[in-house]
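Let the sequences and hints guide you as you build the complete structure.
Chains E and D supply the protein sequences, listed in that same order. Just so we're aligned: the first sequence equals residues 1 to 163 in the working numbering. Just so we're aligned: the second sequence equals residues 1001 to 1163 in the working numbering.
None of these hints come from the bench; they were simulated from the model. Mixed in with the good hints there might be a few duds.
Stated by the list, open to error - In silico lysine to aspartate or glutamate, EDC-like type, Cα no more than 20 Å apart, as pairs:
#1 D/K1160 <-> E/D154
#2 D/K1068 <-> E/E39
#3 E/K160 <-> D/D1154
#4 D/K1160 <-> D/E1105
#5 D/K1068 <-> D/E1039
#6 E/K68 <-> E/E124
#7 E/K68 <-> D/E1039
#8 E/K160 <-> E/D136
#9 D/K1160 <-> D/D1136
#10 E/K68 <-> E/D88
Given next are the chains, with one letter for each unit.
2 protein chains.
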Amino acid sequence: MNEIRRFREGDWGALWPLLRATFDAGETYAFAPGSTEAEIRAAWIEAPAATYVACDDDARVVGTYYIKPNQPGLGSHVCNCGYVVAADAQGRGVAAAMCEHSQREALALGFRAMQFNLVVVTNERAIRLWRRLGFDVIGTLPGAFRHVREGYVDALVMYKTLH
Amino acid sequence: MNEIRRFREGDWGALWPLLRATFDAGETYAFAPGSTEAEIRAAWIEAPAATYVACDDDARVVGTYYIKPNQPGLGSHVCNCGYVVAADAQGRGVAAAMCEHSQREALALGFRAMQFNLVVVTNERAIRLWRRLGFDVIGTLPGAFRHVREGYVDALVMYKTLH
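Shown next, in the form of structure tokens:
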């Protein structure tokens, strides 16, 4: 991986297929499989405070994340992030690099903590990674995620105070 | 209390001062104190799947709650509710009646569980009530709420499977 930088308008053409493939799989994110391009663009680009892309040495987009307040007003010092890595770029440390980058960005943007609201228990690689990067499991939400193949599965709330 | 029913457009004049007083207190909800009428209307009436009011024997609005999916798509079988009771109607069972009503409505609307994302630990009366009504504490989010008088305080995630 070469760099992680702010999303630019010209990135969307590369980003949308990557996001669509992840959400259509229905294994890790709540976004409904079959969500439209406009819906996903609103959720990933327009609603967040900032969106980033990770590029490999050929300047190809191999990952992306967003950062946004997890709650309004009196809860807005806690941010939420979502990360997606291209299927053919898994296992190269892209998610770890983006999560570490996002923690620095979160602090720079004035956030004091980071919360993941729905970490699907079958997503074991992600849970291992978030733990390694200092996130605590706050608790387990029973049956809170409807996995497309496995049906209702538990999901974790994870949290890290930033400093 | 006389009835709990769906919000009607003519209720807003009574509802807004009640909501404003609660949110401006800055003790229980994340909505920023000083939020505009349009912002609160969007959050309490427009965004949710449904909004309700509780009326006393004189048909005065003494409470309100909303119900909405807590996540999109594959998490949309879990709902989130928020409840507000008028200051001069506390201690009369309005919150309990609304929460029980909301659980029946949630089932009727197709939800399978109910989640509270940010129950402020200083809101002891609410925590006692939600526990009594069958909600479990999933975990504690450290410093996730900026209480207007007490500063950063913890908040609970609470959850109940409905049946």
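Contradicted hints - numbers only: 6, 10
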